[in-house]
Amino acid sequence: MDVLVQIIASGLTLGAMYAISTIGLALVYGSLNMLNMAHGALLALGGYVCLYAMTVLGFPAVAGVAMAMAVCGIAGLLIYHLAARPMLASRNFETQIFIATIGIGAVLENVILRVFGPQPVAQPLKVDGAVIIGSVYVPNQNILILGVAVLLMAVVAFVLNRTRMGRAIRATAQNRDAAQLMGIRIGKVYAQVLMISGALAAVSGIMISSLSGLLPNMGGDPMLKAFVICVVAGLGNVYGAVAAAIVLGLLESLIQYVFGVQYSFAILLMLVIAVLIWRPAGLFGRTQVVRM
Amino acid sequence: MSPAKRDVLVCIGLAIVLALVPLVIGTRYIITQMTLFFIWAIVVTQWNLVLGVAGIFSLAQMALFAVGAYATAMLAYYFAIPVIVAMPAAALITVAASLVIGAACLRLRGPYVALLTLAIAQVIYLVVVNDTACFTNPPSGCLPLFGGVRGFSRFGDLGFRALLGSKFYVAHYYVGLSLAVLAVMFSIAIIRGPLGLAFKALRDNPGYAMSRGISKFKYQLWVFGLSAFFTGLAGAFYAAQFGVVGPIVFSIAMLLFLLSMIVVGGMGTIWGPLLGAALLMLADEGMREVGDWRDIGLGLVLAVFVILLPKGLAGVRLRRAKAGL
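So the sequence lines, in the order shown, correspond to chains A and B. Last residue of the first sequence? That's 292 in my numbering, and every number before it is there in order. Last residue of the second sequence? That's 1325 in my numbering, and every number before it is there in order.
To be clear, the hints were calculated from the coordinates, so they are not data collected in a lab. Note that the structure is a prediction, hence the values are computed from the model and not measured. Cβ atoms here follow ideal geometry from the backbone N, Cα and C, with glycine treated the same way. You may find that some hints are simply not true.
To be verified - Not the full set, but computed from the structure, chain B residues with beta-carbon under 7 Å of chain A:
hint, residue
1, A1171
2, Y1174
3, P1247
4, V1306
5, I1307
6, L1309
Stated by the list, open to error - If you anchor each label on the Cβ, the simulated ranges turn out as follows:
hint, chain 1, residue 1, chain 2, residue 2, range
7, A, L57, B, S1166, 37 to 45 Å
8, A, G187, B, M1210, 55 to 63 Å
9, A, A274, B, C1142, 27 to 35 Å
10, B, Y1174, A, A274, 40 to 48 Å
11, A, W278, B, K1167, 52 to 60 Å
12, B, I1214, A, G117, 48 to 56 Å
Using the sequences and the accompanying hints, generate a full structural model.
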């Protein structure tokens, strides 16, 4: 019983962290067909900006998070204007932007490495204490992460469903040409989506680093996991991504308990490969009928 | 002269010039670096076939290279098979691995293929690195089945050291050169041959091509499997040349380096990737002075080329040739 509570508690925390960074990726893919390989670097950037704001500038935690979100949002905007926009019309956009963002991610990661050094640092934003359920020790940090994640998901859902901007984003994702004909400035939508994605990446990066510490290349694994979640859900499907993130988080903590931490990612990836062979468009993805 | 004939003649001409190089230059460092260039040349010409010709957005090419290198090292280390025999065996193992990966990935669409192949490469890397249980206990210490973080060393070489003494690296140069020539010839045969034509048809008018019975999946699997042979062979030769195989062959930095060669040179062309490989290796040599900035430079080169010159340097030349007509 206690083991079950432990697995669920850590699984939900993992799932919540993954969900936040996955939403951003799913939004970007949904509207631009763009896989942002610089996302991992944005996670690290968010974590380090928060660290910088809190330790060097002496900001309170909330201001630190806000600053990280702002910086990563601007970084997302820059990625749109400098990389995505010039090649939007290109026939191989998906391939080209993938390669370009690999390059941008490498640059960003190495700049962080130059500025902050290669040694791991602890994230200052951390709450102490724990809640005891039965005889299981659940750190307050995990509860905070879960709470913030749920709050952010609610905000994103509200923005997508109830605001003008959200409607424009959904319309663009459904049918780019029709949206444009209806007078939606899709360029603006793209820029907004990449900014939101960047800001969410910052929060996700802060969460991840508060549990495992800051390293310049800390974003790589979470990004790959976020992509895996997107793929399992069906690329571009935001709600499916949240569901898949939580399921995979729970699954990961179960695998960690049964087989040990070092195999969790490998087993997870093999499961995903199996899912994709069985359903090539993802669990919640619609099979696209392509007409010639 | 037909384009295929011209390309073959260029390839032979280049091979003759390169074969004369060791007679003029005696510096061991330069000869070894050029041998490394041949290895990268093989990898990028084959990856280019997958990426630029068949349109499979696969990032598993370095994992296949690693399979070739590891298979050679493991066959030689565990079964004491001579490296020269282990190399072709490793290439065949690589083909088998590529067919499994291809069967899983090739039914998917572009970005899914990229993500899945990246995930597969990562799984192989994690299995190699995270395995800490000792498989054997040689005098140098515990060795996991796949070599763990340390990798394999002392699994023998091609035998030129015993034959030629300190000049063995010149023999390696010629082995690398002949493998690279074979790989380039193969790439010419694919691009100028029926397979290249099939992919051109599929790209220009997929509906018509398919209705004429051109199966995308079948041809993609062919290119994927065939190019894996030379990629695996390059990995095997890498193992033989350096005598060490470690998890560094899986690193993102290496993937980035080779991908940049293809992008800078020009995806889908015969000579572009080779040009890119030569230029980036020279640039890398130049950046050795500023060591720490190397990865930033590479990332910038990759991003700037994709954004401003998506067809690479070969594309510039083609455009100019067209304007001249």
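Cross-check of the supplied hints:
1. At about 36 Å, the closest approach between the beta carbon of B/A1171 and any beta carbon in chain A exceeds 7 Å, and the interface hint on this residue is violated.
2. Here the hint on B/Y1174 is broken, as its CB sits about 34 Å from the closest CB of chain A, past 7 Å.
3. Hint on B/P1247 is violated. Least Cβ distance to chain A is approximately 14 Å, over the 7 Å limit.
4. For B/V1306, the interface hint holds, the least distance from its beta-carbon to any beta-carbon of chain A being 4 Å, beneath 7 Å.
5. This hint holds: B/I1307 has a C-beta 5 Å from the nearest C-beta of chain A, less than the 7 Å allowed.
6. Annotation: B/L1309 was flagged as interfacial toward chain A, and the flag is violated, the nearest CB pair being 11 Å apart, outside 7 Å.
7. In this structure the hint that A/L57 and B/S1166 lie 37 to 45 Å apart at CB is violated, the actual value being about 59 Å.
8. Distance hint for A/G187 and B/M1210: a CB-CB separation of about 35 Å, inconsistent with the stated range 55 to 63 Å.
9. Distance hint check for A/A274 and B/C1142: the Cβ-Cβ separation is about 32 Å, which falls inside the suggested range of 27 to 35 Å.
10. Between B/Y1174 and A/A274 the beta carbon distance is about 45 Å. The supplied range of 40 to 48 Å therefore holds.
11. About 56 Å separates the C-beta atoms of A/W278 and B/K1167, a value consistent with the hinted range of 52 to 60 Å.
12. A hinted range of 48 to 56 Å holds for the C-beta pair B/I1214 and A/G117, which are about 54 Å apart.
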